[in-house]
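Colleague: Single-letter residue listing:
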Amino acid sequence: MKKLTVLLALVVLTTFALQSAFAQTAAQTVTLEVKAVNKISVSGPVSLLIDDAVPGAAGLVAVSNNASSYSLTHNGSTTGKVTASINTALPTGIKLEITLVSTLGTSKDIQDISNATSAIDVVDNIGKGKDASQTITYNFSATPEAGTLASVAKTVTLTVTN
Amino acid sequence: MKKIMMVLMIGSLSLMSLENAFAQATTSQNLTLAVNSVYKIATSGNPAPLTISSGTAGSDILTAATDNSTTYSITQNFGNTVKITANLDAVLPAGYTLTITLASTKGTSIPNVNISNATSGSAANVVTAIQRGADANQAIGYSFSALASAGTLASTSRSVTLTITN
Numbered sequence: 001m002k003k004l005t006v007l008l009a010l011v012v013l014t015t016f017a018l019q020s021a022f023a024q025t026a027a028q029t030v031t032l033e034v035k036a037v038n039k040i041s042v043s044g045p046v047s048l049l050i051d052d053a054v055p056g057a058a059g060l061v062a063v064s065n066n067a068s069s070y071s072l073t074h075n076g077s078t079t080g081k082v083t084a085s086i087n088t089a090l091p092t093g094i095k096l097e098i099t100l101v102s103t104l105g106t107s108k109d110i111q112d113i114s115n116a117t118s119a120i121d122v123v124d125n126i127g128k129g130k131d132a133s134q135t136i137t138y139n140f141s142a143t144p145e146a147g148t149l150a151s152v153a154k155t156v157t158l159t160v161t162n
Numbered sequence: 001m002k003k004i005m006m007v008l009m010i011g012s013l014s015l016m017s018l019e020n021a022f023a024q025a026t027t028s029q030n031l032t033l034a035v036n037s038v039y040k041i042a043t044s045g046n047p048a049p050l051t052i053s054s055g056t057a058g059s060d061i062l063t064a065a066t067d068n069s070t071t072y073s074i075t076q077n078f079g080n081t082v083k084i085t086a087n088l089d090a091v092l093p094a095g096y097t098l099t100i101t102l103a104s105t106k107g108t109s110i111p112n113v114n115i116s117n118a119t120s121g122s123a124a125n126v127v128t129a130i131q132r133g134a135d136a137n138q139a140i141g142y143s144f145s146a147l148a149s150a151g152t153l154a155s156t157s158r159s160v161t162l163t164i165t166n
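Note that the protein sequences, when read in sequence, are chains E and A. Residues 1 to 162 (our numbering) make up the first sequence, in order. Residues 1 to 166 (our numbering) make up the second sequence, in order.
No lab work stands behind these hints: they were computed from the structure. It cannot be assumed that every hint is accurate.
[Said to hold, decoys possible] Listed next, the stretches of chain E that the computed footprint assigns to chain A, with coverage defined by at least 3 CB atoms under 8 Å from CB atoms of chain A:
| # | region |
| --- | --- |
| 1 | 104-113 |
| 2 | 153-160 |
[Said to hold, decoys possible] Only pairs whose alpha carbons sit at most 30 Å apart, straight line, appear in this in silico DSSO-like list of lysine-lysine:
| # | chain 1 | residue 1 | chain 2 | residue 2 |
| --- | --- | --- | --- | --- |
| 3 | E | K95 | E | K35 |
| 4 | E | K154 | A | K40 |
| 5 | E | K128 | E | K108 |
| 6 | E | K130 | E | K154 |
| 7 | A | K83 | E | K35 |
| 8 | E | K154 | E | K95 |
| 9 | A | K40 | A | K83 |
| 10 | E | K39 | E | K130 |
| 11 | E | K95 | A | K83 |
Just so it is clear, CB atoms sit at the ideal spot from N, CA and C, and this is done for glycine as well.
Let the sequences and hints guide you as you build the complete structure.
Modeller: Rendered as structure tokens:
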């Protein structure tokens, strides 16, 4: 009986000791933040050359290029949009149009950026997420009255914004 | 205390606005654009045979045969001094005359240009001072005349070449 009492006492003490070992806590405050992230990139340069016409036709034979693409990431709380602008306007009678395909937003279809030194919308209603490798299509056209255009470099700027 | 709260709220709102304003990114794409010189001319087809079969008694000049059933179209962006020339592949025998007239709204037409002896090395101007642009479906007029003294001419073909050039 004495032995049993001692044994019980030992068990109780051990349990207390274990409970004591598992009763340690520590608190830590973690500050988390995800800022608005808008990222956009394009795949490469584009070259467009007009050198043909149909006799009697009002315009020269237009050329198109859809070899380049853009990718974007957007997590803003409001819907985003992509705008396009050109660094300097094209001469009268020479037209450059752009179309951006979009799965995350709504493409504005063909937009004339010949004189868009102030950016114009090309995609709107962009939701949160990513849109990778979406096609950029350029249409380049000219009237014969506009004459020739020596090879000239233009910069088209795409901006993703809220 | 109320004022401080108001100032803090305005401060917070301003910061939120700033965050919105800066939430954008840009990328640039380089485009190389060019429009080359373009000269294009086409005709609608071949005229009907030009056959002389009549004359006026006492006159050496037989009654001319004419055709204005065909047209030409051009498009050019080179400049405002472009012209069209015409020539035959081989000259006509003496006493036979083929003239051509090209209507034009973009340039200055030269009427009734004699191309009887105009070959590739001596093409004749038929339209000059053509402005940049397009001129569609303009009439081509042919007149074929002959002298009775030149005798008959068995049916023969000639190729007329119209060239747009500066």
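Colleague: Hint by hint, say whether it matches the structure.
Modeller: Cross-check of the supplied hints:
1. Three residues within the 8 Å Cβ limit are the bar, and the region 104-113 of chain E against chain A gives 0, so the coverage statement is violated.
2. For a cut-off of 8 Å, the count of residues in the region 153-160 of chain E with a CB near a CB of chain A stands at 8, and the three-residue condition holds.
3. Only pairs whose Cα atoms come within 30 Å are accepted, and K95 of chain E paired with K35 of chain E is rejected, the gap being roughly 39 Å.
4. Between the alpha carbons of K154 of chain E and K40 of chain A the distance comes to roughly 28 Å, so the proposed pair stays at or under 30 Å and holds.
5. For the hint linking K128 of chain E to K108 of chain E, the alpha-carbon distance of about 18 Å falls within 30 Å, and the restraint holds.
6. With a C-alpha separation of about 28 Å, the suggested pair K130 of chain E and K154 of chain E falls inside the 30 Å cut-off, and the hint holds.
7. Only pairs whose Cα atoms come within 30 Å are accepted, and K83 of chain A paired with K35 of chain E is rejected, the gap being roughly 65 Å.
8. A hinted pair counts as satisfied when its Cα atoms are at most 30 Å apart, and K154 of chain E with K95 of chain E qualifies at roughly 13 Å.
9. A hinted pair counts as satisfied when its Cα atoms are at most 30 Å apart, and K40 of chain A with K83 of chain A qualifies at roughly 12 Å.
10. The hinted pair formed by K39 of chain E and K130 of chain E meets the criterion: a straight-line CA distance of about 9 Å does not exceed 30 Å.
11. As the CA atoms of K95 of chain E and K83 of chain A are separated by approximately 27 Å, the hinted pair is consistent with the 30 Å bound.
When each numbered hint is compared with the structure, violations occur for hints 1, 3, 7.
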